[in-house]
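Asker: Listed below, chain by chain, are the residues.
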Amino acid sequence: MTKIVLSLSLVALLAGCSSSGTWGWYVIDPTTKSGWINITFLVSGMWNTILISVIAAAISIVVGLIVALPGQSSKRGWRIVNRVYVELVRSIPLLPMLFWVFYGLPIIFKSMGMNVPIDPFWGAIITLAISDSAFTAEIYRSGIQSIARGQREAAQTVGLNYFQTMRYVIMPQAIRRILPPLANQFIYIVKMSAFASVIGMQELTRRANELVVTEYRPLEIYSLLIVEYLILVLIISAGVRWLERRMGSDERQ
Amino acid sequence: MAQAAIELVNVNKWFGDFHVLKDISLTVGTGEKVVICGPSGSGKSTVVRCINRLEEHQNGTINLDGVELTNDPKSIASIQGEVGMVFQQFNLFPHLSVLDNLMLGPMKARGLSRSAAEEKARFYLERVRIPDQADKKPAQLSGGQQQRVAIARSLCMEPKVLLFDEPTSALDPEMISEVLDVMVELAHEGMTMVVVTHEMGFAHKVADKMIFMDEGEIVEHGTPEQFFASPKTERCRTFLSQILKH
Ligand SMILES: Nc1ncnc2c1ncn2[C@@H]1O[C@H](COP(=O)(O)OP(=O)(O)OP(=O)(O)O)[C@@H](O)[C@H]1O
Ligand SMILES: [Mg+2]
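Chains as they are written, first to last, in our numbering: chain B, 900 to 1152; chain U, 5 to 250.
Take the hints with a grain of salt, since some may be wrong.
Said to hold, decoys possible - Now the in silico label distances, taken between C-beta atoms and shown as ranges:
id, chain 1, residue 1, chain 2, residue 2, range
1, B, Ile1006, U, Ala81, 45 to 51 Å
2, U, Ser44, B, Ile979, 50 to 56 Å
3, U, Ser119, B, Ser990, 49 to 55 Å
4, U, Glu229, B, Arg975, 45 to 51 Å
5, B, Gly1099, U, Gln62, 58 to 64 Å
6, U, Lys249, B, Arg1048, 50 to 56 Å
Hints listed in this document are in silico derivations from the structure and should not be mistaken for laboratory results. We put the CB at the ideal spot given by N, CA and C, even for glycine.
This is chain U alone, in the form it adopts within the complex (with noise of 0.2 Å):
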């Protein structure tokens, strides 16, 4: 078997006193996708967080292309800007035009040219249906749009994979579908995702692997037609059941 982009070995992680991650095991293989989903606080967030080290967990391991995540800083400096994030909130950089958000990891941390980071930034912005906004400010934007920006200055640091927090949760429902238009393609041309959501359409469609969390453990997984047809747990029902409903 190929190696796996993430392998998640018995992470356990405490905020203090508060247990947040119980024993997390889980192995995303390279060009799949993983949705996850559960009840507020149950620890999504958390476990994308410690994959880009934004959190750190206390024991368990990480693995990263077979690169174990610690405090090494051969370790931090090889995930750098290998695994993009998209934030419920964008998190766009708001005194930057949208081409300077997309070009500034590219030439900071990678060293390109002005010129290729911006050629780099336009054909993305290209791929995310927004190329004639390159010079506005974010501020200028709907929601829909800032997100395909948030996107589409993920894709310009060519990560290997790409983490979503409730992407969609921040936007009016009208622009839903225009972000979520974009990862499905994402998901088609064989990117590694994994996707925080309650957007079970989107799970249904592009899902290898569905997680469901409850008080910081993975209480169930498996494939969306077994996930979705006959939940094992009696709280998986019921989170189901509710989402479901709207």
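Looking at chain B on its own, in the form it has when it is part of the complex (with noise of 0.2 Å):
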């Protein structure tokens, strides 16, 4: 798979080098100055993209829990709370979702008295986490469902009560079936992160956007940024394959 990825792109290349016009590549050719000015410019929104992503994520795996223990409930009226939230989410799309968050949340806070500016960092974070949220959730749902009913009464035999189960019980066992799907939610986020874009935050997406305008090169460009995405994908889709597989040895003894 890699292979032909890799001898199809070397093909491209090679067209590229051709006089026949369609690739451009001395935009970002390392060998020149302009081009290796270009290059820096373009992937130094990977730290940018890097930073919201990680931050969202961290923010959706604790949103995510709260989310999904009153779906755990026997309360019906717990259970309603979280349908309601999980549905809503997840039938959002993201880009109204941030257009909402970025330029309707403030008049919101504005009519509370409370003068809090979202800026386009916020502003992605807030609505990736959300957005996220959703999907981690329902992976927390189906993590804590899998661990049999008898180790939930067995816990509150032995006189333990919901947060005790809970923390000692039931999430020490569906940790190894929640963090493999949660991890692979990361790369969820991240490809989405590029919305971002849109309202200004200057991540991978924003400066290869930029650097089309002024240098009329959109098909480099937008190669080297679709390359960007996929080693970071790929350095992600590493680290869940091993993720799952310590998971799924500790299974095993």
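Could you fit the two chains together into a complex? Lean on the hints.
Answerer: If you want it as structure tokens, here you go:
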């Protein structure tokens, strides 16, 4: 698979070197001064992409758990709260939610007498975190549900309360079912973080867009952009697979 | 008469439309051993699970040591860990060692120190005759050993009452007696016990009172002598002849 991709990109690269004029790799030719400057400009967006993704994922992991717990309650009202949140958030496309958070939320804050400016950085993080938390909550739910009911009952009969039961009995067992899909979900966040470019967040996609406007070389620049995401995602995927193997081998012992 | 350890008065319970417990009344004195038997689906587990609040009954009253079970947090807190339960499927915590299984409740629910909890855990492991398995994971033990660990785990909470729901049904035949022996010992030491079982030998040996349930009702109750020698109802006779056949 990787071989095919590599040889294909090699063919495309060579085609670009010919004089046909379709490709103009000079824009990102590391051997020239201007090409090198362009490359560093593009790649420097990587830091923000990673930063907003990591912070959003961290928030989503916490919010997702807070949303998932009432879903396990025996009280109908609590379960409804969980369902409404998950269904609602899951149904909202990311881009409209981003606009709502970035342009709309400050107005709500203002109407409540609070002056909370939302910059592109936090606008992107809040949106990604909320959007992802619905999926995170579902991951927790299936992980928790995979633990037999008898475990909770046994914990109750030795006097543990709800939080002790979660903390000492359910979560330690559920975690191996939760962690791999949670890590997988991080790939979703990294890819969706590209939307942050439209509210002016200086991350990978925004940098590429800005360079395209000045250099008129969309094909080369967006090709590099895709490769940048590809590398990022492949690294995370390798991490997820490692985690899955570790969790799996734990289970067998 | 001393206060009853467990008292059920006209307890009714429904699962949706299904009337699973019908006017169940039952008194278990302190130190008494009650054995419940009956066909599958008759509501035996549900009765036991109502006593330790794993299920809620809809009407009637259940008193434990004179305290009524309600949704009041105070009532719930007062039975926390006071009613031990041994399950058919053991329900040991698979991620914890045997010792940690026993120490979890005493440490977290009772606030015991680690060393005090460990001392207690080792004491009860000795009682169920598996002191040398303390550091193993439950999955490394045989079924009979696992069930004895489960009994020890309940005992570590020093409960006022111990409930058993078919504790030997999931065991291979050769392991049944090692669990029953432990239960007989407990009975002789004066533990208040409610045992759902079809082990009639055990019932004969320890029961003060036999209960026969069918279709959510207590159809018959009495001393083991009356119960086995002259069951009053046809349903009970049929049931006994079926289980005594094998
Ligand atoms: N959570 C539940 N929801 C709906 N019905 C239930 C539930 N739990 C039990 N039942 C039903 O209630 C009836 C009594 O169940 P229970 O488990 O108390 O019977 P049992 O006498 O213990 O039977 P067994 O010998 O098979 O364990 C059964 O018909 C069962 O299908
Ligand atoms: Mg049962």
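Asker: Take the hints in turn and mark each one as holding or not.
Answerer: Hint by hint, here is what the structure shows:
1. B:Ile1006 with U:Ala81: 45 to 51 Å: Since the Cβ atoms of Ile1006 (chain B) and Ala81 (chain U) sit about 47 Å apart, the hinted range of 45 to 51 Å holds.
2. U:Ser44 with B:Ile979: 50 to 56 Å: For Ile979 (chain B) against Ser44 (chain U), whose Cβ atoms are near 35 Å apart, the range 50 to 56 Å is violated.
3. U:Ser119 with B:Ser990: 49 to 55 Å: Holds, since Ser119 (chain U) and Ser990 (chain B) (Cβ atoms, about 54 Å apart) stay within the stated range.
4. U:Glu229 with B:Arg975: 45 to 51 Å: 49 Å Cβ-Cβ, so the 45 to 51 Å window holds.
5. B:Gly1099 with U:Gln62: 58 to 64 Å: holds (60 Å)
6. U:Lys249 with B:Arg1048: 50 to 56 Å: violated (33 Å)
Of the numbered hints listed earlier, those contradicted by the structure are 2 and 6.
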